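Enquirer: Here the protein sequences come in this chain order: B and F. Going left to right, the first sequence walks through residues 1 to 326 as this note's numbering numbers them. Going left to right, the second sequence walks through residues 1 to 341 as this note's numbering numbers them.
Hints listed in this document are in silico derivations from the structure and should not be mistaken for laboratory results. Heads up, some of the hints might be wrong.
Which chain F residues face chain B? A few, computed with CB under 10 angstroms, are given here [what the hints assert, rightly or not]:
(1) G107
(2) H113
(3) T125
(4) D164
(5) A168
(6) R275
Label pairs and their computed distance ranges (CB to CB) [as the list claims (entries may be wrong)]:
(7) B:R18 x F:P332: 22 to 30 angstroms
(8) B:P241 x F:P193: 32 to 40 angstroms
(9) F:P193 x B:G271: 44 to 52 angstroms
(10) F:P332 x B:G271: 54 to 62 angstroms
(11) B:F308 x F:K321: 33 to 41 angstroms
(12) B:G278 x F:K148: 57 to 65 angstroms
(13) B:R18 x F:K118: 28 to 36 angstroms
All of these numbers come straight from a predicted model, not from anything done at the bench. We treat Cβ as the ideally placed atom computed from N, Cα and C, and that holds for glycine.
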Amino acid sequence: MEMTYVKAINSALFEEMRRDENVFVMGEDVAELGGAFKATEGLLQAYGEERVIDTPISEALIVGAGIGAAVLGMRPVLEMQFADFISCAFDQIVNSAATLRYRHGGRAECPIVVRAPSGAGIHGALFHSQNPEAWFTRVPGLKVVAPATVYDAKGLLKSAIRDNNPVIYFEHKRLYRSIKEDLPEGDFTVPIGVAEVRKEGSDLSLITYGGTLGQSLDAARIVEKEDGLSVEVVDLRTLLPLDRDAILATARKTGKILVVHEDRLTGGIGGEVAAIIGEHAFEYLDGPVRRLAALDTHTAFSPPMEEFILPSTNKIVGAIRSLAAY
Amino acid sequence: MSQPEGARASAEPAARVEQELQLYYWMKLIRAFEDRVSRLHRQNKVLGGVYSGAGQEAIIAGTCAPLSEGDFVAPLHRDLGVFLVRGVDPGRLMAQLMGKETGLSRGKDSFLHGGDMKHGIFGSTSMLGSSLPIAVGAALKFKMKREKNIAVAFFGEGASSRGDVHEAMNFAGVHKLPVLFVCENNRYAYSTPLEKQMAIEDVADRAQAYGFRGHVVSGNDLLAVLDMMERVVPRMRQGDGPSLIECKTYRYRGHSEHDAALYRDKEELIEWQSRDPIPLYELFLEKKGHDIKRVREQVDERTQKVVQEAVDFAEQSPLPKPEEALEDLLAPSGSPAPKAK
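Build the full structure now, drawing on both the sequences and the hints.
Expert: Have a look at this one:
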C-alpha cells in the first residue's frame, strides 16, 4: 500500500495500539486534532480518550508521566510537538529515564518512546527547525533512531515501541509528505542498531541519516552520471547505538568517507563517525574523513540565510567532487 | 511485631494495639537507622552524600503505614524510612548506602536513588521535584487499568519551586488522578529559608489552583498525619482525584552531613527538637495505658539489633566488580507477549 512518511508513522501507531493494549499515546494536541502534523490522526476515534491523551503544554510532564506509566508495564508513545521543545523535557529524558534501569540495579525498565518531529528546510526558523539528536546520542541508557524512508518510519517506530528501553525517535518534518513508498501489508519491523546500505559504490562513501539521505542519493546519482564516480550511500538509521560494523565496512571498502547530516557540524554525529573510522580503519583511508553539515549557527529564517546554512544536493555534489579529487 | 512487655491490656481489638505499637517501632527504627548512617558517614564507611531525615519520621510512618502493597511511592532524598516501612530488607538498604553489590542499585548510585519496584518504590534522581510527573504517570496507569492503587509523591517545599511540580499537579488535577502529593515542609531548601522560597505561608494553598484539596498538618504529630491519611486516601481510591498534604516539620541535621547548617538559628532547632515526633507519640502511648518505659526499652533493643544486623550484612557484602559499571544500562530488547485487545 502506497503511503507517505507521516502516514507510515500513523499506521505503526495504529497497529501497535491494536497489538498491545498497554501502548498509549500522549502529547500536545494528539487526540482531537490528531497532532500538529496529523501523525496521530484517527487514533482517538479508534482507541478512545483514555489511550490517546491530550496534555497541557507540559513537556516535562509528558515524558515524566510516561516514565511512571512505563515502569508499571505500560508502553507510552510520547509526542513532542516539535523536536525543538524536547529541551523542556531534557531532565526527564537524560536523568529520569536514561538512568532508570541503571540506578535500579537492572531491576526496573522504562519502555517509553519519545517522538520528536525534527529538521529544517521548511522555513521553521530558530525554534521549529532544530535537529537536537546529538544532545542525546552521548547518553547511555537511551536509544536514538532517525528514519529516512517510509518503510523505516514504520518499521523503526514499531521496534521502538516494542523495545524495553527509552527510545528517542526523530522523525524529519520535511519528509512527512514529500516521500511516498509502497509498503508491504502486515506486520514488519526494522531492527534498532542496524544501518542500511542504500546504494552500493566503490569510489567513495556517503554516510548519512534522516533528512539528508534523499539529498545524498540524489548527489550520488549526479556524480555517477556526470563524473563517472561510484558512490556508496550508507543510511545510519540508528544513531545510538551506532552500527560500527557498517561504518567500518564501507570505510574499508571505499577508503574515502564523507559524512552528511543536517544537524550542526560541531559535536554532531559526524565527529563520532569520523573518530570510529580514524581509530579502526585508518590504514584503509585514501583521504581525510570529511563532514558536510549545517553551519555552526542557528537555523535562520530568511530563505537566503537558511539555504546558506543547510546542506543541499548541490553542496554534497561539491563535497564529493572535492574528496574524490583528493 | 510481637507485643512487647508493658503493652497495654485493652478491650480494643488486638490488631489496633499492635498497630499503634508498630507505628512506634517504625519511627524508632527510622531514627535509629538514620543516626547510625550519620555515624557511619563520619567513620567514612558510608561515602557520598547522606541526607538525614531525622526529625521527620512521623511523616514517613504516618503516610506509608496505611498504604497498600500495589501503591506506588516516590520518596525524596531524605526519605530513607520509606524503604524500611515498605518492607525493604534493612541490610540491602544499608548495602546501598555503602555502595555494595547487594545494594538496591548494585553499587550504581548512592543513597536513595536506587529504588525497589518490587516494593513499589521508585528511586528518585537528584533533580528534586522530577519524581512528581512520574508519580502522576503511575496514577494515570492505575486509572487506565481501573486499579484501586494510589501513587504517592514526596517532595520538599524546596522542590515546590520547580516547574515539574506545577506541571505534575496541573495534569493530575485535570485528570483527577489518584496521586497523593506529600510535601515535607522543613523550612529550608539547603540554606534558603522559606521566606526566600515563596511569598505564601503554605504550599498546600497551591492545591486549590489545581482543582484539588490541600491540607496542612503538623508533620511531627504522627496521629495528625495518620488522621489526615484516613480522611484523604479512601476517597482517592474511590476516584476522588489528587490531594496534597503539607506536613510542617524540621530537619535536625544539615542539608547533608557535609552541612553544619550554620545559617539556622540555634533557638529554632531547640524549639523544633522540643516538638520531636517520638516523645510526642510516646506521650500518647502512655496515656493509652502502655508502660512506655518498658515498651521503649524493648523497642530500642529490637531496633538496635535490626540496625546492627543491617550494618553487618552490608559490611560483609562484596563491593561490585569495576566492570559491572557497564552493566544494567539497557534492558534486553523486545516486548513481552502483548495482551490481545
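Enquirer: Now tell me, hint by hint, if it's right for this structure.
Expert: Now the hints, each set against the structure:
no.: 1; hint: G107; verdict: holds (8 angstroms)
no.: 2; hint: H113; verdict: holds (5 angstroms)
no.: 3; hint: T125; verdict: holds (5 angstroms)
no.: 4; hint: D164; verdict: holds (5 angstroms)
no.: 5; hint: A168; verdict: holds (6 angstroms)
no.: 6; hint: R275; verdict: violated (34 angstroms)
no.: 7; hint: B:R18 x F:P332: 22 to 30 angstroms; verdict: holds (24 angstroms)
no.: 8; hint: B:P241 x F:P193: 32 to 40 angstroms; verdict: violated (47 angstroms)
no.: 9; hint: F:P193 x B:G271: 44 to 52 angstroms; verdict: holds (46 angstroms)
no.: 10; hint: F:P332 x B:G271: 54 to 62 angstroms; verdict: violated (30 angstroms)
no.: 11; hint: B:F308 x F:K321: 33 to 41 angstroms; verdict: violated (53 angstroms)
no.: 12; hint: B:G278 x F:K148: 57 to 65 angstroms; verdict: holds (58 angstroms)
no.: 13; hint: B:R18 x F:K118: 28 to 36 angstroms; verdict: holds (31 angstroms)
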